[in-house]
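Number of protein chains: 4
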Amino acid sequence: MKNVAVFGAGRIGRIHASNMAALPGVKLKYISDPMAHYASELAQTYGAQVAAIDDVFADKSVDVVAICSSTDTHSDLITRAAQAGKHIFCEKPVDLSVPRAVACAEAVKAAGVACMIGFQRRFDPTFNEASARLTQGEIGNPEMLVITSRDPGAPPADYIKASGGIFRDMLIHDLDVFRWILCSGDGDEAAWLSASGSVLTDPAIGLLGDYDSTAVTIRTRKGRLCQINTSRRAAYGYDQRFEVLGSKGMLQCGNHTPTEVVQWDANGIRGDKPENFFLQRYAAAYRLEVTHFFECLQSGQPFKTTVADGVAAQKLADAATESAKTGKAVEF
Amino acid sequence: MKNVAVFGAGRIGRIHASNMAALPGVKLKYISDPMAHYASELAQTYGAQVAAIDDVFADKSVDVVAICSSTDTHSDLITRAAQAGKHIFCEKPVDLSVPRAVACAEAVKAAGVACMIGFQRRFDPTFNEASARLTQGEIGNPEMLVITSRDPGAPPADYIKASGGIFRDMLIHDLDVFRWILCSGDGDEAAWLSASGSVLTDPAIGLLGDYDSTAVTIRTRKGRLCQINTSRRAAYGYDQRFEVLGSKGMLQCGNHTPTEVVQWDANGIRGDKPENFFLQRYAAAYRLEVTHFFECLQSGQPFKTTVADGVAAQKLADAATESAKTGKAVEF
Amino acid sequence: MKNVAVFGAGRIGRIHASNMAALPGVKLKYISDPMAHYASELAQTYGAQVAAIDDVFADKSVDVVAICSSTDTHSDLITRAAQAGKHIFCEKPVDLSVPRAVACAEAVKAAGVACMIGFQRRFDPTFNEASARLTQGEIGNPEMLVITSRDPGAPPADYIKASGGIFRDMLIHDLDVFRWILCSGDGDEAAWLSASGSVLTDPAIGLLGDYDSTAVTIRTRKGRLCQINTSRRAAYGYDQRFEVLGSKGMLQCGNHTPTEVVQWDANGIRGDKPENFFLQRYAAAYRLEVTHFFECLQSGQPFKTTVADGVAAQKLADAATESAKTGKAVEF
Amino acid sequence: MKNVAVFGAGRIGRIHASNMAALPGVKLKYISDPMAHYASELAQTYGAQVAAIDDVFADKSVDVVAICSSTDTHSDLITRAAQAGKHIFCEKPVDLSVPRAVACAEAVKAAGVACMIGFQRRFDPTFNEASARLTQGEIGNPEMLVITSRDPGAPPADYIKASGGIFRDMLIHDLDVFRWILCSGDGDEAAWLSASGSVLTDPAIGLLGDYDSTAVTIRTRKGRLCQINTSRRAAYGYDQRFEVLGSKGMLQCGNHTPTEVVQWDANGIRGDKPENFFLQRYAAAYRLEVTHFFECLQSGQPFKTTVADGVAAQKLADAATESAKTGKAVEF
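Chains as they are written, first to last, in the numbering used here: chain A, 53 to 384; chain B, 53 to 384; chain C, 53 to 384; chain D, 53 to 384.
In isolation and in its complexed conformation, chain A is listed as follows (with noise of 0.2 Å):
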């Protein structure tokens, strides 16, 4: 049995919460969060208790940290964590900062402790089964991939304050997902990458210093393209697709959507919009990405999504926000 304490209660923190309670061999122990209210609901729902930071890293009987708490916590969570020997679950990113980031990597390896960063699109059973046949040669050698990557809406400007920025905040995911599907069968890496942003669907977005939709391409070593578009607002919901070409194919990569139901009527064909948002979409990556997680605890096998993930799209995500201010693409 694995004794697990949640840092943070807030709605990501309350999914993996409830993916852990459910598998067998793991007990919700702790909830902690500055926000007292959210912490006890929500320790209630599963039998656990609350308890403040401190406690969480003397107690112990504690294996599991999971780190769902806000994104400046991060760092500092994940390295205590690590010199308490506790294993961590941290969701992304590891941090704005790349060097802090990298000391994070270092505080885990030095410590022994295995710490998995919660990329769950590489666990998104349609976006897996792409990896999947990439990998088993479907499409034959991967040339070119196209992300499209948009929200339905833009968050408060409260948070677009506190997120790094459009690339560091959003594109994270698809810098990842570059990087899972176009080099990491056989060690490829960005060579070349050029951005560029425009503040397209609210004003308020660009007083504050950042753009809501975006438009990257790079380029790998090996002469593969990546070409990733996104946007802050997307009228019918959100989008989350991408094609990967190959020497033999192409994978293609869609939406989910709520129901199968196709209305015919004078206006035209009419199917669903594609699932809300990330906790609809990704549910079962939510689900998936916790299992593995203690999976790997159990079998002592690597986790899918490591610290150095966590590092490598970082730093691709501060390029393309270099890139996107200066007009001029940034070399590795």
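Since the hints were derived computationally from the structure, they do not count as laboratory data. Computed from a prediction, not measured in an experiment: that's the story for all the values here.
Computed cross-link-like contacts, PhoX-like style, restricted to lysine-lysine with a CA-CA straight-line distance of at most 20 Å:
| # | chain 1 | residue 1 | chain 2 | residue 2 |
| --- | --- | --- | --- | --- |
| 1 | D | Lys-79 | D | Lys-54 |
| 2 | B | Lys-274 | C | Lys-377 |
| 3 | D | Lys-380 | A | Lys-377 |
| 4 | A | Lys-377 | A | Lys-367 |
Distance ranges between label pairs, derived from CB positions:
| # | chain 1 | residue 1 | chain 2 | residue 2 | range |
| --- | --- | --- | --- | --- | --- |
| 5 | B | Lys-300 | D | Thr-187 | 23 to 31 Å |
| 6 | B | Thr-97 | C | Gly-379 | 51 to 59 Å |
| 7 | D | Thr-187 | A | Ser-92 | 52 to 60 Å |
| 8 | C | Ser-351 | B | Pro-208 | 51 to 59 Å |
| 9 | D | Asn-328 | A | Glu-190 | 19 to 27 Å |
| 10 | B | Thr-343 | C | Val-150 | 55 to 63 Å |
| 11 | A | Pro-208 | B | Lys-112 | 49 to 57 Å |
| 12 | C | Gly-379 | B | Tyr-211 | 31 to 39 Å |
| 13 | D | Pro-76 | C | Glu-383 | 51 to 59 Å |
| 14 | B | Pro-208 | C | Leu-75 | 58 to 66 Å |
Note that beta-carbon positions come from the ideal geometry of N, C-alpha and C, so glycine has one too.
Assemble the complex: chain A is given as a structure, and chains B, C and D must be docked to it using the hints.
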């Protein structure tokens, strides 16, 4: 807290037990199955106890029985449960004999207990959404219904022998869908039914006096038309679709697929086969079905699928069986 | 160079005239129509002359007559053309009376002329590809056929009065598709037919003694099953699909659409309605059909659709008409 | 009646000749091609005469010249045609050199003749419908455009040598689509362009100093973003799609397919590959394009695609070529 006893620890019993156990306010108290090993394994998973049928009925603390045992036990267990004052969730069918099914309905009524029959398709997100839009008038008045219902492969001969034949075993669901979609809006009912059956996939099925492929047409009192086509074998998997034409358009319910990956290559553009069989296709439906059951118990609202629905579908299945044998239509 | 006379300068006559005029080696010599204005307009477009029926038959240089006039003139024109030694392209149906249609077949045979009946669906690229794959064994042995055939709206009452009823007017095409797809591979034939009809879209159709919605089931000698559903009205346009299930899979023929634009917005994801009606849907089929006609005349190869096919479809239409009236199945 | 002379009797010349010959009021008078055999064969098909270039320009009765000859002849023929007072239909590109293309524009203007450039994609029914809906405001203000443009296979080395490189040869169409879809509504223009190219499908292309795979990003003055991905090779055929995101939704243009057959079997659910290559995919576009040309000549309305469009696309292609070579973005 509702205490539940589950009769039957086979495939469907395990599904319902798992879904019930995950509901707040529901406790699995007993598992009962003549196969002791199955019963104890399932009991252990959910912290329940193994019990004999008599012990279940004798225990006053049991609020609900879930009847997931073999078809020939249903009517007896319903009757005994009603007499013992337990609420009842019973897998379809009520009974292969219409008179016995009617007797069950009477026993339930006399006892004043609640009894729901597990026609899970009414809880499928896709089918349910179509039904809701129909009710909202999105396609006007319904006129025609085409149901395609095909299994990936035939069950073993032993199963078929005890099944009551393809109309009572397999089409019972489709006949319920007919009633739900084409009749339930305004009390319409079947007026004329013509059925035809063939043995096309396996001669062994013919030797048992059954069919593996059928075509049923039903005309309602209001003149609406329904066509159902079924097969015990579809090489591409479990095919569960329907289309309802109305005065203002059509609602088309497609299959569910494991992923949204589409592969483009020299052979064409290829998507997933449908979900493999009913446990996968109706996973959400089974979950929503028992949720509905306990919500209705709590609120006192009527169930969406009652013993009367079970009896009505059974009568249609009997008529189809007769029509296929004689080659003549049946009028109601 | 083949000299052609076209009887009938209405909608379908203009289509065939246009397609024939575009073929190398074909010359439109005469247009004949009781409506002089139509005849002269069509003649002018293609540099042909207006002629009376007798003059057409008297002109030895006429090689081919294309019969595109009203249904009640078909059998007379076929007979006269045969006697005059002209090859014949005749729109469906041969005649609303089976005996007269049979007499036509005999006249054609006696004269030794070639006669093709215009079942254009056999030349539709989609339907024809499905037929070809079936023949190549891609889905194994055919077992079930489901045909959906719906018009965008009912024709005027005058048309319906002279049409012979929905089974002879509209389903004649679907009954030919049944024979083509389910029977033609190995000489199978209809053994049992049950039809039902309703008046759901327009009471005026009922006053004429006809139906606007029908459901037909046919079982063949080999036990194959076919279900046809039709309506005179689909709010979303002309719906022309079929699905054939075989031992190794299914071939599904979808509608054609004007464009491949898909609009994603707050209401869902919406594609085009089907092509508006038969002139659009079967534009390619009409072109390929007359190409086939003249190629066969040149090569001496048999036509894909003969008078015998016209007679056979007519017999099925008669049986369906009778079955719908009596409520009883017909056996052959 | 407009008398037309066609320069070039190759693949594209035959297409345009065939489409023009079918138009009322258009007469193919001359075919001119250095390959005498091609010229005479095409002339014979449409009852035209073979003529030398000088003879065409000397004949006062020639109203229109259609320039379908090799790219390096375009500017010279345009200039001579303008001086001879002939109206001009010219295949893309105007010229591989922007200054020469500009000179053509001036010659056309000075002569007061009409000149249309054959960007046939603007006449494709699917693309054109998307453009029309955009203009009608169905998706609000356009923000992002993603173009996927892939050939089924690379042309021979000789072709590539004379092509001006992939950006001028292949992307010229996509760059015109960018201007048409993202700029033409309100006079927006490209402000920043970044391109990257790779050799992934055939090293021989790299030896010629060209690329076979490219990724282009353009930002407009208004901040709109466009991404274009191209490849000389897609194993599944000719891939011609674009998606435009607007403030109220998205318009997605899919490929056209030969048929609407979908095969369901043990391997999945499989539809047709796209139409094989441009002659098939754009068959309707080529027909509508020359129809538009002659309608505008008749009505005096302006063409949808002018020499100025040709020059503008050429400038973008030059910028993309430079950006890919230097790795640096180009600002306009």
